[in-house]
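Q: As you go down the protein sequences, you meet chains F and L in turn.
Per my numbering, residue 1 is the first one in the first sequence, and the count goes up by one each step.
Per my numbering, residue 1 is the first one in the second sequence, and the count goes up by one each step.
A portion of the hints provided could be inaccurate.
To be verified - Label-pair ranges, simulated between beta-carbon atoms: (1) L:Met41 <-> F:Asp22: 37 to 47 Å; (2) L:Asn62 <-> F:Pro115: 21 to 31 Å; (3) L:Glu79 <-> F:Ala7: 36 to 46 Å; (4) F:Gln83 <-> L:Gln17: 16 to 26 Å; (5) F:Thr112 <-> L:Lys71: 15 to 25 Å; (6) F:Thr9 <-> L:Asn62: 36 to 46 Å; (7) F:Asp29 <-> L:Met27: 19 to 29 Å; (8) F:Ser71 <-> L:Pro39: 31 to 41 Å; (9) F:Glu15 <-> L:Lys14: 22 to 32 Å; (10) F:Lys3 <-> L:Ser84: 39 to 49 Å; (11) L:Asn28 <-> F:Glu56: 27 to 37 Å.
Hints are computed from structural coordinates only; laboratory data are not their basis.
Cβ atoms here follow ideal geometry from the backbone N, Cα and C, with glycine treated the same way.
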Amino acid sequence: AQKVTQAQTEISVVEKEDVTLDCVYETRDTTYYLFWYKQPPSGELVFLIRRNSFDEQNEISGRYSWNFQKSTSSFNFTITASQVVDSAVYFCALSGGGSNYKLTFGKGTLLTVNP
Amino acid sequence: NAGVTQTPKFQVLKTGQSMTLQCAQDMNHNSMYWYRQDPGMGLRLIYYSASEGTTDKGEVPNGYNVSRLNKREFSLRLESAAPSQTSVYFCASSGYHNSNQPQHFGDGTRLSIL
Chain F
1 AQKVTQAQTE ISVVEKEDVT LDCVYETRDT TYYLFWYKQP PSGELVFLIR RNSFDEQNEI
61 SGRYSWNFQK STSSFNFTIT ASQVVDSAVY FCALSGGGSN YKLTFGKGTL LTVNP
Chain L
1 NAGVTQTPKF QVLKTGQSMT LQCAQDMNHN SMYWYRQDPG MGLRLIYYSA SEGTTDKGEV
61 PNGYNVSRLN KREFSLRLES AAPSQTSVYF CASSGYHNSN QPQHFGDGTR LSIL
């Protein structure tokens, strides 16, 4: 069975602070994929990143960076110099490999960036 | 850049009424999905269609039916709405029913059942 845990239900920071959103996953698959999605207050879901289980390189995209560590089954997301526009619910998700596909979402972390 | 379009955006129903939520994508994607989002629960898969002509149950299919009308359209039907089905419903699509394909979501339908 697959499981994604986002232990932080809510985080509140002041603008320009760095913030890390934690994601821990469980799977029996040797091939799997991890995703992060952003849900701003307007409600839509925006795809941010995909990472496969064979690629543990960290990734940086502007102020966003992702740290994938198989040894701890974690795929954490860091926002550097946060901005008010970063305020949203962030979801981590996991899918298994092969034909037994199922995308499992964590319960989300509400990030509030205050001016 | 329409992407995934859901209609309606909001709906209020009475218990026992029926309703069909519509979803269409213009990205030529093969796979489509319906999720529900409830407070503190994340997103849960209701049904999916790996390709045109096929549909399969997800995690929470009870009380719902789906139709993959063609490659573009995937509808979700509530035959007899219940208050427990009050939720935000999201349709999504992906290139293939393959775990490395990111899903692209519509803006959601907020459904309230009284």
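Q: Which constraints among the numbered hints does this structure fail? Numbers only, ascending.
A: 1, 2, 4, 5, 6, 9, 10
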